[in-house]
Amino acid sequence: EAGVTQFPSHSVIEKGQTVTLRCDPISGHDNLYWYRRVMGKEIKFLLHFVKESKQDESGMPNNRFLAERTGGTYSTLKVQPAELEDSGVYFCASSQVALRGWDNEQFFGPGTRLTVL
Amino acid sequence: AQSVSQHNHHVILSEAASLELGCNYSYGGTVNLFWYVQYPGQHLQLLLKYFSGDPLVKGIKGFEAEFIKSKFSFNLRKPSVQWSDTAEYFCAVNSAVFGGATNKLIFGTGTLLAVQP
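Chains as they are written, first to last, in the working numbering: chain Y, 1 to 117; chain G, 1 to 117.
Derived from the structure by calculation, the hints contain no laboratory data. There's no promise every hint is true.
Computed from the model, here is a short list of chain G residues facing chain Y with C-beta under 10 Å [to be verified]: (1) Val4; (2) His7; (3) Val11; (4) Leu44; (5) Gln45; (6) Lys58; (7) Asn103; (8) Lys104; (9) Gly108; (10) Thr109.
List of simulated lysine-lysine pairs, PhoX-like, C-alpha gap at most 25 Å [said to hold, decoys possible]: (11) Y:Lys15 x Y:Lys51; (12) Y:Lys44 x Y:Lys54; (13) Y:Lys15 x G:Lys69; (14) Y:Lys54 x G:Lys69.
No residue lacks a Cβ here, since even glycine has one placed at the ideal position from N, Cα and C.
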């Protein structure tokens with residue numbers, strides 16, 4: 001079974017440019033999460049999709065970040081325009097709908113390392 | 001608000017030494033608890049998890065963790081570490097809510113473990 005995949009693995013852009021990150025969850029996983037880790041800090045939640053709907057976007061830093069999940073499959077996270085403080089590793093995770101305790105496990109992708117110069 | 005504290009930021013051990021990494025969380029309701037590990041160059045992997053039942057949880061690679069509800073703790077242990085355990089370890093918690101509600105993970109800041117041969 002394929003795991004969660006993310007593209008690109010690294011991205012280096014200049015301040016003011018736009019970057020789009022992509023996440024492909026495990027097939028059949030309705031839940032998709034985005035997290036971010038800024039260097040030296042904890043991994044922080046950004047938002048949660050259930051299928052194509054945004055369930056919780058309380059962690060999105062500001063309106064420069066736009067996440068979509070058209071069709072309930074893969075998701076994109078666009079940063080426009082990028083700022084220096086957006087640098088970090090962006091993780092995507094997916095899980096089944098948690099109807100029971102043991103469904104409540106999130107599987108993580110390898111992350112996208114974003115560097116804004 | 002939920003939070004997770006990992007008290008050890010950097011730990012250096014010699015092979016065969018015993019390991020205990022502290023994790024405390026703050027949340028008043030029922031929680032699910034996780035330890036994730038990120039080996040160098042690899043993505044986050046689940047080490048072990050606690051949903052309910054026996055508070056002593058056994059995970060992969062000889063790791064175990066004990067949930068002590070009265071202390072809001074979920075410390076990670078391994079009796080004898082190996083060089084291959086060199087990695088970053090993350091404690092995480094989410095609320096035990098099911099059926100589509102957000103189950104975002106709240107992470108600690110991570111502990112870097114270096115095992116010297």
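Hint-by-hint comparison with the structure:
no.	hint	result
1	Val4	holds (8 Å)
2	His7	violated (14 Å)
3	Val11	violated (16 Å)
4	Leu44	holds (4 Å)
5	Gln45	holds (8 Å)
6	Lys58	violated (15 Å)
7	Asn103	holds (6 Å)
8	Lys104	holds (4 Å)
9	Gly108	holds (6 Å)
10	Thr109	holds (5 Å)
11	Y:Lys15 x Y:Lys51	violated (32 Å)
12	Y:Lys44 x Y:Lys54	holds (17 Å)
13	Y:Lys15 x G:Lys69	violated (46 Å)
14	Y:Lys54 x G:Lys69	violated (32 Å)
The structure fails to meet hints 2, 3, 6, 11, 13 and 14 from the earlier list, while all remaining hints are met.
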